[in-house]
Amino acid sequence: MDFRILTLLFICCFNHLKAQELYGKYLGTEQGLLSKECYDINFNKEGYLIVGTQYGPMKFDGEKFIPICQNLPIEQRIIYDFEKDPRGQVYMLNSKNEIFILERDKAIRIVSKKSKPIPIAIHFKKLHWYKNGLMIFSNTVYFRYRFKTRLVSPCSKPVKEEKNVFVFDSSQEFPFEKRLSEKAIILKHTVRFKSPRKALHAREHISESREGFVKIGTNYFALINSHLYRVCSTTVEILPYDEILFLEAFHDRLWLVTMKGLIELDNHGNWVSTHFPGCVVGGIAPLPGKGMAVSLNQYGVFICSDIHERCYGNLMPSYVANHQQTILVGNKLGQLFHFQNNELTKIHDAIQLKKEIPLNLRNIRKIEFINDKWYICSIKGIYTLSTDLKKRKKILINELYTFNDFFLSGEEIHSISWSRIKSFRRHDEKQTTVPFVRCKQQINDSLIMLGTEEGLFDFHVSSKKLVRSKFFRKPHYISHIQELSPNEFLITSRYKGIFHFKNGRLLKKYDSPCVSAKKALITKEQLFVAGNQGIYAKKLHAGKKSPWKKIFEKEIQNLFLINGKLFICTDDDLVIKELSSKYEIKKPAVILNEILIGEQKTNKIPAKIDYNIPISLDFDILHFDANKLGLYYRLNGEMKIHEQTEQTKINFESLPGGNYELEIFPVIDGRIQLTNSKNYRFTINQPFWESTLFYLLISIVILLLLLSVRLVRNLRRKKRMTERAELESKLNEYKLLAVKAQVNPHFLSNGFAAIQALILKGNNDFAAHYLAKFSFLMRKILYYSETQFITINQELQLADAYLELELLRSNNHFTVEKVIQLSETQLATFKIPSLLLQPILENAIWHGLKFQESNPELTISFLLNDQQKLVIQITDNGPGFNSRNKTEDHLSKGNKLITERIDTLNKQFQKKVAEMNILTSDSGTKVIFTFTAELYQNQ
1 MDFRILTLLF ICCFNHLKAQ ELYGKYLGTE QGLLSKECYD INFNKEGYLI
51 VGTQYGPMKF DGEKFIPICQ NLPIEQRIIY DFEKDPRGQV YMLNSKNEIF
101 ILERDKAIRI VSKKSKPIPI AIHFKKLHWY KNGLMIFSNT VYFRYRFKTR
151 LVSPCSKPVK EEKNVFVFDS SQEFPFEKRL SEKAIILKHT VRFKSPRKAL
201 HAREHISESR EGFVKIGTNY FALINSHLYR VCSTTVEILP YDEILFLEAF
251 HDRLWLVTMK GLIELDNHGN WVSTHFPGCV VGGIAPLPGK GMAVSLNQYG
301 VFICSDIHER CYGNLMPSYV ANHQQTILVG NKLGQLFHFQ NNELTKIHDA
351 IQLKKEIPLN LRNIRKIEFI NDKWYICSIK GIYTLSTDLK KRKKILINEL
401 YTFNDFFLSG EEIHSISWSR IKSFRRHDEK QTTVPFVRCK QQINDSLIML
451 GTEEGLFDFH VSSKKLVRSK FFRKPHYISH IQELSPNEFL ITSRYKGIFH
501 FKNGRLLKKY DSPCVSAKKA LITKEQLFVA GNQGIYAKKL HAGKKSPWKK
551 IFEKEIQNLF LINGKLFICT DDDLVIKELS SKYEIKKPAV ILNEILIGEQ
601 KTNKIPAKID YNIPISLDFD ILHFDANKLG LYYRLNGEMK IHEQTEQTKI
651 NFESLPGGNY ELEIFPVIDG RIQLTNSKNY RFTINQPFWE STLFYLLISI
701 VILLLLLSVR LVRNLRRKKR MTERAELESK LNEYKLLAVK AQVNPHFLSN
751 GFAAIQALIL KGNNDFAAHY LAKFSFLMRK ILYYSETQFI TINQELQLAD
801 AYLELELLRS NNHFTVEKVI QLSETQLATF KIPSLLLQPI LENAIWHGLK
851 FQESNPELTI SFLLNDQQKL VIQITDNGPG FNSRNKTEDH LSKGNKLITE
901 RIDTLNKQFQ KKVAEMNILT SDSGTKVIFT FTAELYQNQ
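FYI, the numbering for the sequence shown is 1 to 939, going by the numbering used here.
Derived by calculation from the structure, the hints in this document are not laboratory data. If you're wondering where the values come from, they're calculated on a predicted model, not measured in any experiment. Where a beta carbon is used, it is the ideal one built from N, C-alpha and C, also for glycine. Worth double-checking, as some hints may not be accurate.
To be verified - Straight-line C-alpha distance at most 35 Å; calculated DSBU-like pairs for lysine-lysine:
1. K912 with K869
2. K64 with K608
3. K582 with K549
Unchecked claim - Label-pair distances were calculated between CB atoms; the ranges are:
4. L782 with R724: 24 to 32 Å
5. Q797 with N865: 20 to 28 Å
6. S708 with Q644: 25 to 33 Å
7. Q644 with P67: 56 to 64 Å
8. P73 with N612: 21 to 29 Å
9. N865 with Y783: 27 to 35 Å
10. E900 with S921: 19 to 27 Å
11. F851 with E900: 51 to 59 Å
12. P67 with H323: 50 to 58 Å
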């Protein structure tokens, strides 16, 4: 549309923009719109909302407007019309009669330079797509652009505007034709065609009117020279709408953009409503679901999420009531309105008092129809209204008392305030204290059900008594009571849920979908709950899995269900919403707008990304009627991240190498749409130290190290085996030496001498016993010499045999004492080196006790010390190693042999497991052996 014409039209529209019936929001400079002077509006093939402005076209990504077509000079960016083909490709018509296609936010001219220039007097107005090209509406004649030739040519010769003849042929793909005819057929209100093809002539003409046609059902609606015609079969009927600029059809509605605003018609052409009165509408486009977008010539863009939601702005509604198709609406200013045919008519203001009342005290709290009268309760009084809404009568006025609700009982009227019920009859006044009344339901003239902050109570009118209801045993904050039928109620608890009672029994409890439930209303199929975060709906017979669906976003003050519609009272507006059996959750498109990898920008995530490079992803959520957009994303792979952000950008500073899957969920007004996701897969290249080659090299190095370690261990094992063999050879040698020490010639000669002496004395029995003991000792010494370790019991047997022989030979010259602090189990299981004690005992007898004349004594003790070490002590009270016995070779040689044997044991175990200490003095000698548990328990 020509800019000068639009400006002239706006100047003619002197009415200011008022609150409209469509419920939605305006988008303007706060969202980045460069100018509120908008022309046509549409969607591109990606789903972005695009609008033409005086500074060029812009696209809306759900949060902000972004200029597009920056490749054109500013004078060529004024786009008047957008046209889409079935594939979503957008064609644009600018103020210079130029045609472009929109591709990746750039305008590409499609008309060949060979095309003949368009005369200055001809102004292109609108594009119409058909399979072979574009039809172009102008102020004089139709033009055709063919995709194949890329040429623009007129369909017929130009004619004078005042003699335009329009031919409409419904059998053609493009049914219009302009031509000059002296025999023009003048359309009247109804004309019957004799053939499918007839000529239509319009006397009046508006230069900016665009011809158009739509088909709804069996009806064709044709726009010709600002007039609307309905063509059904062979019948043509002109409809009573004029000054029409263009028409659109969607959502089962016909939309007429006129000089006086936007007219809404049903699919039969009947008037429904008029929107934006006095405003010039540049274009309209359907939104996904049941919404629409409207571009206005001076007020930016209007977004409506549901065309069936109607709004009466700045009304400040407080209560809505109906009776027999009569609907009354009261507001917080004390004004009463009659709602009829989608229009509100003011009846009068609230009851007038002697003095002026502040605005906050004029609130209409309740409207009820009782006994053929309307009862209106405001804060300062109650009055009645006749059924014809003309006669008004004051029945109760009190400038000092506050009225919140009321009820009638016979001739008596009872007013309910916050904490008391006051009864009025003539001049008598009685009152009953109640606990913070929130709602009431009159059962009959004698019983009132009161919902309070402390629970549900029954108020008996005759006795003025207040009794707690049997429905609830515990206190509940009751916010609303709905009577479904006699003895059937739906009771809303503010914080505990919704309860359905019938005949005193609980039928079902519904959990509240919000933190604070103000009101619940039920129909045969659905349950509605109004809370602190909006309105929720739930199907009643859809099973336990039936979810709550949010159908209204704004916080509300009151909710009413009247004639199949929801009347929603917000702080400022009255919103009317039609009930639906199916409330669909919109699933907006999530589009990756831009990705920044390091410093490189692209619009597609590459399959592979280098390691340690920051990644920034910018998404667009194409949800145009939301108040707040965000993202919830899940990153799965080498690193796992689950996070919700209030922005539409995601940043990753440095991701480890590996495969990743990024799942994106839109967040609409704080709610995550888990059923609407977008998935991306990519791979972060592994660094060299995480690559397969690096791991292969490391594996080879580790394998070589392991082989080297094993080789070293084998060499050490062989060395240890050699050393062990040497040690065992030495041990065997020591054993032989020990045997030799045990059976040294001195001992043998003394033994045999003792036997010989006994035989010569004729003591043959004693000699035989001695010889038996001697042979036993020799046999045990030879047997145990082959074993490295023997038990303590076995060592004690050897010691006892030897000591018995020595006692026999010395005529019991000394005494033997054994101190054993070990259990029988320990004596039988603990092992010590074999043939260890006999050499020590021999030294103690022959080099110690032999020289002791006064009570020679030998003590042998076995015990476990505090460290659980085995301690063996051999003590004698001889003179010690004095000069007389110190020079004997046998003594020094025996001690050296035992010392070397203990050192060999320690080397064999590679730790100190045995120790021998010798303590000597003039009063005696003590030999102490100490063995660790590793030696005496693990053999």
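Checked hints:
no. : hint                       : in the structure
1   : K912 with K869             : holds (12 Å)
2   : K64 with K608              : holds (31 Å)
3   : K582 with K549             : holds (10 Å)
4   : L782 with R724: 24 to 32 Å : holds (25 Å)
5   : Q797 with N865: 20 to 28 Å : holds (25 Å)
6   : S708 with Q644: 25 to 33 Å : violated (54 Å)
7   : Q644 with P67: 56 to 64 Å  : violated (30 Å)
8   : P73 with N612: 21 to 29 Å  : violated (44 Å)
9   : N865 with Y783: 27 to 35 Å : holds (31 Å)
10  : E900 with S921: 19 to 27 Å : holds (25 Å)
11  : F851 with E900: 51 to 59 Å : violated (28 Å)
12  : P67 with H323: 50 to 58 Å  : holds (55 Å)
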